[in-house]
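J.: From first to last, the protein sequence lines are chains A and B.
Numbered by the numbering used here, the letters in the first sequence go through residues 1 to 112 in order.
Numbered by the numbering used here, the letters in the second sequence go through residues 113 to 231 in order.
Treat the hints with caution; some may be incorrect.
[Claimed, not checked] Which residues of chain B face chain A? A few of them, derived with a C-beta cut under 10 Å, are:
1. S143
2. G152
3. L158
4. S170
5. L203
6. P224
Hint data in this document are derived by calculation from the structure and do not stem from the laboratory.
C-beta atoms are modelled at their ideal positions from N, C-alpha and C, and glycine is treated no differently.
What follows is the residue order along each chain.
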Amino acid sequence: GDSVTQMEGPVTLSEEACLTINCTYTATGYPSLFWYVQYPGEGLQLLLKATKADDKGSNKGFEATYRKETTSFHLEKGSVQVSDSAVYFCALRPEYGNKLVFGAGTILRVKS
Amino acid sequence: GAGVSQSPRYKVAKRGQDVALRCDPISGHVSLFWYQQALGQGPEFLTYFQNEAQLDKSGLPSDRFFAERPEGSVSTLKIQRTQQEDSAVYLCASSLARVSGRSSYNEQFFGPGTRLTVL
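Make a model of the complete structure from these sequences and hints.
T.: Here it is as structure tokens:
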């Protein structure tokens, strides 16, 4: 079945460091891919998305590119801030389907 | 505007009790989803409604779990005879329109969740 694997955390970085959180997926066809973020005490929020191969999603300085050949959707940011501390979830929606399939989440801690 | 709301935010139940969790989706949203998030894990799909029709309940873990959306708006997830393994955060999400195929995507907006602890 469809699945998402993302790097384990926690990831601890200093402010202004570069961030990469790896995400790979298993799915048939062409799923849509997402990154969700959960800030402390808040609900899940969509951070960015890509719906077809080679699309790049971007928001708030974060980027991720849909790589069909490597079945990956790695999250990147060039300079993290303390306010980026949160749990990040990679997810897919199957090509023909509605439900989201999530990875286990990666905790990001940014120190000042 | 108002987002997805869920109540109660926290629920403690004794093993064997029945619980009911409520979800108020964003007004006008056709699709409604329930997910279960165990501690340290990502959310896992439970069930999906399009208006009042429950189109997919493949993720419900047992026949103790039951969901309804009788008027196509508010939804209730009921868990009968709760067990310790039911302890989790239950998330509700809604989206504006029906979703089919890859040609249409509608963002799922999530509520804050109900944290259920079964003692």
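J.: All hints, please: hold or fail.
T.: Each hint tested on the structure:
no.	hint	result
1	S143	holds (7 Å)
2	G152	holds (7 Å)
3	L158	holds (9 Å)
4	S170	holds (8 Å)
5	L203	holds (7 Å)
6	P224	holds (4 Å)
Every hint from the earlier list agrees with this structure, and none is contradicted.
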